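Using the hints, put the two standalone chains together into the complex.
Line by line, the protein sequences are chains A and B.
Position 320 (the first sequence) corresponds to 320 in the numbering used here; numbering is contiguous.
Position 32 (the second sequence) corresponds to 32 in the numbering used here; numbering is contiguous.
Hints are computed from structural coordinates only; laboratory data are not their basis.
The model shown is predicted, which means the values in this text are computed figures rather than measured ones.
Ideal placement from N, C-alpha and C gives every residue a C-beta, glycine not left out.
Be aware that one or more of the hints could be misleading.
Claimed, not checked - Chain A residues, not near chain B, derived (Cβ > 12 Å throughout):
1. PRO320
2. ASN351
3. GLY398
Said to hold, decoys possible - Chain A regions said to be covered by chain B (calculated; three or more residues, Cβ under 8 Å):
4. 125-138
5. 144-154
6. 185-197
7. 323-333
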Amino acid sequence: MKTTENKISENPTKGIKISGAEAVIRCLLAEGVDLIYGYPGGAIMPIYDELYKFQEELQHVLTRHEQGATHAAQGFARTSGKVGVAMATSGPGATNLVTGIADAQIDSTPMVCITGQVGSHLLGSDAFQETDIIGISTPVTKWNCQITKASEIPSVMAKAFYIARSGRPGPVLIDITKDAQFDTFDFSYEKCTGIRSYKPVPEIDPAAIAEAAEAINNAKKPFIIWGQGVILGNAEQEFKDFVEKSGIPAAWTILGLSALPTAHPLNVGMVGMHGNYGPNMLTNECDLLIAIGMRFDDRVTGDLSTYAKQAKVIHFEIDPSEINKNVKADIPVMGSCKDSLATILSLIRKNTHEKWISRFDDFMKIEVEKVIDKDLNPTKEGLTMGEAIMAINKHTKGDAVIVTDVGQHQMVACRYAEFVRSKSNVTSGGLGTMGFALPAALGAKMGAPEREVVAVIGDGGYQMTIQELGTIFQTQTAVKIVVLNNDFLGMVRQWQQLFFEKRYASTEMVNPNFVAIAKGYNLEAKKVDKREDLDAAVAEMIASEKPYFLEICVEKEANVFPMIPTGASVSEIRLN
Amino acid sequence: MKNNNTYTISIYSENNVGLLNRISAIFLKRHINIESFSTSLSEIKNVFRFVIVVELEEEKVKKLIQQIEKQVDVIKAYYHTDEETIFQESALFKVKSSSLFEERHIQNVIKDSHANIVVVTPEFFVIEKTGFREETEKLRKDLAPFGLLQFVRSGRISVTKSKMGISDILNTFKKDN
Ligand SMILES: Cc1ncc(C[n+]2csc(CCOP(=O)(O)OP(=O)(O)O)c2C)c(N)n1
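Pulled out of the complex, with its shape left as it was, chain B reads as follows (with noise of 0.2 Å):
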């Protein structure tokens, strides 16, 4: 565990089926845990984006990045630290809705959390926060008194603060053939 630090991992790939597993494979044959996944289309038309945050030495995310590119469907693979980041994870809370009545307490937690009520109906109501992982997990600490009756957080998803240059990439493919 020595020198571990935190990276996010941004793949940009073809939407194929079974490329999932394919880049989990990776990670499972050197034993490496996923901390957070997630993926979503990306800002170009059919290429997907994974977004994978694990913690390692940067010598072994160095390889794992080439064992992602390697892959056919691949287009391009890329680590970031969080300085080089902006990332967010997003969390929902549901609560019964008798607590919100009837402690005056929750709607402080909530007004002094920044998170938004997205949902009230008579039985429960739902809250929506979306921030760092310490914030969600405050938030989290602070609601769990008043009876969490489901909690979920996202995956983490994260822009970087330089250039991708996919489309770069794409257009190169498109001259050389």
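Here chain A stands alone, though its shape is the one from the complex (with noise of 0.2 Å):
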């Protein structure tokens, strides 16, 4: 029980006479907020001032670089489910931010920004630290806003968190100048509940729902690709329960792993560039490809003019821009899937496909002995990224949060990690931001303070947020750190190996000793470069109550397959 003079924050709707700054801390609290992460500097210092005063009810973790603000964000939103909100000074500040925001709009997470700017007074002035940020972040945000009077921060604060959680989330950017931080106003709070213009989730059209049943009964050789809406929708339950009526094999996008446990029976893989063979070959011999909440995303279809071809297409989808944008859908479904879903469920017969299913099977034994086994039980001297997550799934028994970076680890992780439960992979599906995984993971992790979270990061993408080191262990968040280290920008040295004859052009990296850095950062740290060290470094680590990091020295020149050429059809994926 608090006894501060903060208390009266438990009624942030009385109306009282206070100061912009202290407003947006109360708004935050409306919202239920508790934690965020920024970086201070002179435009945003009078909410700075407030988050001292009110450091009981709201945690501000500092990260050592804005950007990774954002991706901690980002990581808090995806396993917590809510809002997560990121604040940054003017100028370097703001654009600092501009790669989170970017990421989580094109990966649809919730999150609210918000930038100090300069006095009102002083706008397009060319004022010490103004940036357009409105202007900068335009395209990148579902929305945005600046705030030029005390008086407008609740009414917009409430509309950004109502737009940034709502139907399709996104992020939401809020610049308040510096005079509206420090001008009082009587402030009282109403939560938002609609917009007049805007209409988050699309009703459900029984003919649609009606028609895509009969689709699915019909069908002889239906498959389904699910994606993150299945997750954001917090439609898992929905979603097994369709998958088990209708018995039809069901494939992931990146986004949407986790949302079916791994070894759930008709859970048959990953589409995409280096997704499993049979999803992929297969997507283009179904007769109905039932989408759920997927986008259709080019490193899922490849060439577009081979792609499912043969198959009727239903489109279950939040988003009404979404359809027809790269795939035709035969039927459209719009929606909340999680409705959708259980609408659909009554009208759909119990069903299996066992012979339908058998050619997934057949897929996978090849491409168990084209490249699983290969990549599994190597015959190499060096480590290879998949025995890597092979020791990681062990030691978690398969219920950690894995956040990956972006490269060939990021893959060998969502080809090989196993889950069992929803919300349990974070990765930068859309944009690919090398960088990510250590702030998110950092988020991630007090998101979900109760569970596991292993981040595997690649030696060239943790070094564009190792600074996030700092924060990690200033907070003693226990969130475990792998660096899959290759001495090389792996998947960039892949395209070169494979499409430019071994032009390694700058892609090869002479690291830094990083268990010392880790350990100047006072973090506990370890490296393995041997098979027979591996299963006990990775258990020595998952048993630490403390954040910890470990090196695993992987094989320099390995590949990852199988891979779906750019450009080519997703049934010209390549084994090797």
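Shown next as structure tokens:
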């Protein structure tokens, strides 16, 4: 029980005269926010001053770079299902947020960013640290707004949270001039429940549901591809019921991963560039493609002109702009998939598609022989990334949150990591942002403190946000950090090997002593490079209750297969 | 450039600072050129209307409309062909006054084009013409020999032959809340 004078925040809707800066804090509290990430500076100092006063109710985590604040907020949002909040000063503070905002936009992550801005009388004067962050962030935000009067703060903040979390979630940026932070006004807060120009969730059309159900009941070779929409819509149970009753094999996009347990008999693996052999090949053989909460990204579809041309397409989607954007939907089913899947369940016949599913098994046998066996039971001396992931699976019992960066390790982790629970795979999918994982893992652990969080990062991407080790140490957040070190920008090197005749232009790195760096940040740290030491090292890391760094040296020039070369068809997937 | 057609996009929106930027960013991101652009109040209080003309394939216009409608502050967006709309542009022509008095032919040009003289001063006079692009364009060519001091043409403004139904959309919102 708190006895400080700040207790009035428990009744934040009461009309009282307060500063704009205090109003920002009270709005955050009214929205249920108790944790934010950020970095101070001149134009946002009044808000930081209020943060100081409210530190018992609202924890602020000082990241070591504003980009880290956005990725941490994203990680937090992805595991907690809540809105992540990041804060920064004007000018360079604000521009440093842009990568994370763009990442949240393309991966539909609910996030509210608050930036300070120069005083309103200085707007447009090229004042110190003035930058047009509204203009800069417009194409990468779901909504943004500049506040120049304190009295606008409550309604704009309420709108910001409503927009960030409703419908298809996304990032919102609020830019607040310094005078608006200082000015006082009569505060009262009302949550936003609707905006007349904005319809977050389209209504379900019973005719579309009926048409989809009929197509499902009549299909001989139906195939489901699900995406993050299932997770964002909290529709995991409805989805599982739908898959089990229909008996249809289901594959995931990397952002859909973990919505259905890895071991589920109808989970046939990953689609896309480095996805599994069967799901990619059979995309071009199914008679009905059921897309659920996914957006047919080009990394999933490959060449569109040869993508699933033989199939009828049902598209369950909350965002009308995704319908027919890349793949024409014969039967669009608009609405939240939680509702539409629940509705369609009673209309579909219980079925099994044994013969059709055995086709996936056949392809899996080939993939095991040609790819997976080599990854997991290598005959070469060097460790493989696959072995490292399997060791993590073993010691976390497949129940960790796996946070990955971008590159080969990301694809390998997504291919081999095992999951039993949803919201367990945190990665930068749409934007492919190197540097995402370390700060995102910090946020992911704070969003789900009871869970084991393991960050799997390449030696390249790790060095893009390595300074967040400082934040991890300061907050003593027990994330487990695994760097799979191949001394290369591995994924780019792989492309150079396969498509640029091994001209390794600027992809080899002379790396620092990563263990010494982690130790410099006072973290427990270890390095392994021998197969016989791997298991014990991973066990020790998982057993630790503190943040822990483990460098695993892997084969330098290994490649990730299967692979669909850019622009090729999903059925031209290569196994070597 | 296959199957390009002229489409008029009508957007009904809130009047928010920044929305113009947000809408133009949608065109920019897709490398689509805007042929003409105008904005004004609409028939509904506090609702703004953008009229944007593009030359595109219909498939692309459809996707553009979906992206525009996705914006939080946009109430509704439509696209129409020329046949489905009634549209006009306005042009203003500033000409030396001496031409009006010294060159008799210019008076015929003005009369034949059904243009209006809106201002006459000792130095210059201003002609206004509202109509189709070909009409304002013809007038521009006809007046050119007399020396145009200034010429400006507005973006297309257009209304549709069919009903827009924006009030209905706004009413459903009121009912839902
Ligand atoms: C910020 C950023 N810059 C560049 C890239 C392009 N890129 C994609 S993967 C990759 C290599 C990643 O190397 P590393 O982090 O060592 O991981 P590995 O592929 O070796 O597992 C690069 C440079 C990117 N995705 N993000």
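- Query: Can you give the numbers of the hints that this structure goes against, from lowest to highest?
  - Reply: 1
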